[in-house]
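If you read the protein sequences in the order shown, they are chains D and B. For what it's worth, our numbering labels the leading residue of the first sequence as 1, then goes sequentially. For what it's worth, our numbering labels the leading residue of the second sequence as 671, then goes sequentially.
Worth flagging that the hints you see were computed from the coordinates, not collected in a lab. Incorrect hints may have been included.
What the hints assert, rightly or not - Under the rule of at most 20 Å between Cα atoms (straight-line distance), these lysine to any residue pairs were calculated in the SDA-like manner:
id: 1; chain 1: B; residue 1: K728; chain 2: B; residue 2: V744
id: 2; chain 1: B; residue 1: K728; chain 2: B; residue 2: R748
id: 3; chain 1: D; residue 1: K545; chain 2: D; residue 2: Q527
id: 4; chain 1: D; residue 1: K228; chain 2: B; residue 2: V744
id: 5; chain 1: D; residue 1: K496; chain 2: D; residue 2: T609
id: 6; chain 1: B; residue 1: K728; chain 2: B; residue 2: Y760
id: 7; chain 1: D; residue 1: K228; chain 2: B; residue 2: Q800
id: 8; chain 1: D; residue 1: K228; chain 2: B; residue 2: E805
id: 9; chain 1: D; residue 1: K587; chain 2: D; residue 2: A421
id: 10; chain 1: D; residue 1: K228; chain 2: B; residue 2: T802
id: 11; chain 1: B; residue 1: K934; chain 2: B; residue 2: M771
id: 12; chain 1: B; residue 1: K934; chain 2: B; residue 2: V744
id: 13; chain 1: D; residue 1: K587; chain 2: D; residue 2: D534
id: 14; chain 1: B; residue 1: K934; chain 2: B; residue 2: R748
id: 15; chain 1: D; residue 1: K132; chain 2: D; residue 2: R302
id: 16; chain 1: D; residue 1: K561; chain 2: D; residue 2: T609
id: 17; chain 1: D; residue 1: K228; chain 2: B; residue 2: M771
id: 18; chain 1: B; residue 1: K726; chain 2: B; residue 2: L758
id: 19; chain 1: D; residue 1: K357; chain 2: D; residue 2: P221
id: 20; chain 1: D; residue 1: K545; chain 2: D; residue 2: R572
id: 21; chain 1: D; residue 1: K228; chain 2: B; residue 2: Y760
id: 22; chain 1: D; residue 1: K357; chain 2: D; residue 2: P292
id: 23; chain 1: D; residue 1: K228; chain 2: B; residue 2: M768
id: 24; chain 1: D; residue 1: K132; chain 2: D; residue 2: V230
id: 25; chain 1: D; residue 1: K228; chain 2: B; residue 2: A752
id: 26; chain 1: D; residue 1: K132; chain 2: D; residue 2: P310
id: 27; chain 1: D; residue 1: K228; chain 2: B; residue 2: P824
Said to hold, decoys possible - Residues from chain D shown here face chain B by an in silico Cβ test under 8 Å; the list is partial:
id: 28; residue: K132
id: 29; residue: W136
id: 30; residue: Y220
id: 31; residue: D223
id: 32; residue: G227
id: 33; residue: T232
id: 34; residue: D252
id: 35; residue: N262
id: 36; residue: A264
id: 37; residue: E272
id: 38; residue: I274
id: 39; residue: G528
id: 40; residue: R529
Glycine is no exception: its CB is placed at the ideal position from the N, C-alpha and C atoms.
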Amino acid sequence: MRKLGRHLLALALLATIAAPFSGLGAGAQTQTENMIVMGIDGLDYGLVRQLIDEGRMPNFARMEREGQFGPLETAASPQSPVAWSNFITGLDSGGHGIFDFLHRDLDNELELPFGWPYASTAREGAPGFDLKIGRWVIPLTGGGIELARHGDAFWQLLADENIPTTIVRMPANFPPIGVADRELSGMGTPDLRGTPGEFFFFSTDRRQFMKSDISGGFIYPADLIDGKFVGTLVAANDNPLTLDEEDAITADFTVYVDAEANAAKFEVGAHEFILQTGEWSDWIAVDFELIPYLQSMSGAVRFFLKSVGPEFEVYVTPIQLDPMAAAMPISEPASFAEELAEVTGGFYTQEMPEDTKAIQHGVFDLDDFLAQTTLAREETIAQYRYLLDTWEGGFLFSYFGSADQTSHVLWGITQDPDHPAYDPALHDQYREVIPNIYEEFDALVGETLDRIDDDTTLVVMSDHGFASWKRTFHLNTWLLEHGYLTLQRRGSLPVKEFFSGVDWARTQAYSVGISAVYLNLRGREPQGRVAPGDRLGLLEDIERKLLATIDPATGEPAVTKVYLRERDFHDRGNIEIGPDIVVGFAKGIRGSGNNALGGIAAEFMSDNTDDWSGDHIMDHRTVPGVLLASRPMARPATSLQNLAAALLAEFGIDGFPDGSEPVTVVDEDE
Amino acid sequence: MSLLNNLLGGTFDLLLLPFRSLPPMVGLVVVSALCSVGMLLGYRATSNQPAVEAVKRKIAAGLFEIRLYNDDIVAIFRAQGAILRDNLRYLGLNLVPMVFMMAPFVLIVAQLQFHYGYEGLEVDTPVLLQVTLAEGSTADVELDLPDGVRLDAPRVAMPTLPGAAWRLVPEAAGSYEIGIRVGDETLTKTLVADSRVTRRSPNRLAPGFLNQLIYPAEAPLPADSAAIAIELHYQERELSVLGFGMHWLIWFFILTMALAFAMKGWFGVTI
């Protein structure tokens, strides 16, 4: 007995000595057993503050009272893939390698200084091996898709501590890394066509066909013969399993229209259903045949009968990956997506389901758009409730995107009388939409608070706030006007196609993406002109001129922050991916979408009269997100970059990057 | 045919009644076991058992020959030729019992399809009902809905497809008779909003041998009716065991074959 006592004493002494080195020692005391994090994209600090003060968000107020509430510094640049990657990895863009929605591709496929920009968070892997038999191509080893985000995800540390972890719709996590017990991919997940989401719209209205060359969807003429219409959904323009060119992968559907009844009957494969005007179908699984009778891939769509008369119009959602038979990896394990679909019904799997493209191209009116966003929001809330019902503790993260996408459409025209597209009538009709969504999330927070015990912490966070997007800054035009970018022929503006007519031999800088500027650097860009030794001087020259730029319409500075790559991003390992300069536009100003894909406008600034009236890709200091916790957190979290370390500290886990010291990421496979 | 369908329908309703509220797989195992017994008895009665035994012995001998003379290529080819010939003879010997068993098997599968092949309609979930009229018919079609089923959307008429379609919603679990007035005649169609194992009929069709053979779950439409089909869109059902789902027919074949092989010794049958 005395011997046992001596052993116990020795163990206790050893534990005391080892504690500071174990990650569970002083300063890393366990504060919570379980944690739920609700990630609400685009929840704006200012509006939350206002609604709490007005008594419209009582549950957020309760969290402020009993726990904590404050602004959360977003990322530079405050774009969702960048911001969420900061949160996930505790690194800045120099470490995780995500600088923008789009990155330029230095593969010179287009005989330009770089190839077509690609979505920054995922890339196609190396091509696999095929077996060719006649006209058929049988893939033997797949190329697959790879996550382009670098650095460890914070939930890796939770998994290392055997804490049950569920990560639902975390942005910039496609394909899911699979270290959590359950993961469902979110932002970055393509539709079945491999795009961010392309809708189909069929109409007998000839005016619609003027808009045939659009991004984000397809508008097709509908020929209604004796009340019958046959439409085609295209899953791919080329069948990867054949050598034939233009062998599209398609599936037909038939609509029988009864104008008198204001309704139509749909036949889609084995599915038959009736929709009245203004109604949405459930999710319909659609089989796309790759090899007749042998191989097909499954997608899922919803139909929206917009009108049967005088014009017949049907909208079909982008083709989702069917969660019951996903053609790409959307969950880990694969059965997790199936489980969610079986219990809560089909759901949008594409990255941002709210179809802002449809409203931008006039396919949706505001009411259609809001109905569609409500459907998407209800799906995520139903899944969240199911996860709460079945949760047995540990760590649960759930993402909600609806506030962000609705704010993009409505923020300027309903919250800002100075917005160029502000319409008092629209304001009166829709001004409560965004606050109502905030209230809906407040109710969900209240529901969660009522269901959790004392050992569980609830955290509500957002990746950035919002602002009215009144003025548009065309970076390539600005570069042209300041002599950094040169056209082969003067006066050939605007340039709508990808850098058409640019004289690369005399171009020093160009812009791809929304706020990114790249130097045309010798040794890096194939037609590089700027000598590496001149790089820093040129960057500082551009910075000085950008900061001195005045918006001619307001007389106010147009740029309030400039981020130089090596100076303002501190983490390393993937900094070479990024642009040389990231521009922080003044609040109310955003880079143009046309510029993002190599367009050059006639003027460097213009009014934003687009249906996308709110945004956040500005000086990151002007659009903070929010952080609320149901109890005070032991370690302060002030930014997205140090939030994950603070969350882990609640579990007694130390050592995760938090931006306090530069980190160099070395990928294991490199 | 109608008489036979009624008889078989009643028999299967009765047979599956005890399993109605149990998971579908339970009743299917029992039915498969009964079918296995029937198949064994039928096979024993209709097959040439001594010949089957003899040909199986020959096939085994051929395999043994290959094993013994595996260094003699000529002997291997000769043995393989003999095995192929004996296999063909074995298949030939099975043709007769297969012919005898095919008819009852088709009738049984047709009955089971309407118990296991479709999900029951869910309360408050819409379902499509469609009436198709004979080509050229201009008869007006209207519904008489019983309490417990409501109309959820206006009738959709389809000029290129004579007839009409409706979206119905069962408001409470149960079995209902939907009244359908086609011109002067009144037809009915069953609607079952019940998740248990029970008879569900997705189609009520015009009379005809094939229609009655394939869709025996409901009486055919009158021969002089303007309607040629009444369809109710039940969802197809998949039966899952330990998370592995398949069509009931595949489970049925696997179970029947496995149980038949397991029990053949008891019945003294060589298959």
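Do the alpha carbons of B/K934 and B/M771 lie within 20 Å of each other, as the hint requires? holds, 16 Å
Restraint status (C-alpha distance of D/K228 to B/E805 at most 20 Å): holds, 17 Å
With a cut-off of 8 Å on the beta carbons, see whether D/G528 makes it to chain B. With a closest approach of 57 Å, the D/G528 hint is violated.
Hinted pair, alpha-carbon criterion (20 Å max): D/K545, D/R572. Please report holds or violated. Given pair D/K545, D/R572 is violated - Cα atoms ~27 Å apart, limit 20 Å.
Hey, does the D/D252 contact hint survive, CB to chain B under 8 Å? Violated, about 15 Å.
Is D/K228 close enough to B/A752, meaning Cα to Cα at most 20 Å? Violated. D/K228 to B/A752 sits at ~61 Å, over the 20 Å cutoff.
Pair hint outcome, D/K228 versus B/Q800 [Cα-Cα no greater than 20 Å]: holds, 16 Å
Against chain B, run the beta carbon of D/K132 and see if the smallest gap drops under 8 Å. violated, 33 Å
Take a quick look at whether D/K545 and D/Q527 sit within 20 Å of each other, Cα to Cα. Outside the cut-off at roughly 25 Å; violated.
For D/K496 and D/T609, compute the direct alpha-carbon distance and say whether it is at most 20 Å. Measuring from Cα to Cα gives roughly 18 Å; hence the hint holds.
Would you mind confirming whether the straight-line C-alpha gap from B/K728 to B/V744 stays at or under 20 Å? holds, 18 Å
Would you check the hint for D/K228 and B/M768, treating anything up to 20 Å between C-alpha atoms as holding? violated, 47 Å
The structure fails to meet hints 3, 4, 12, 13, 14, 15, 16, 17, 20, 21, 22, 23, 24, 25, 26, 28, 29, 30, 31, 33, 34, 39 and 40 from the earlier list, while all remaining hints are met.
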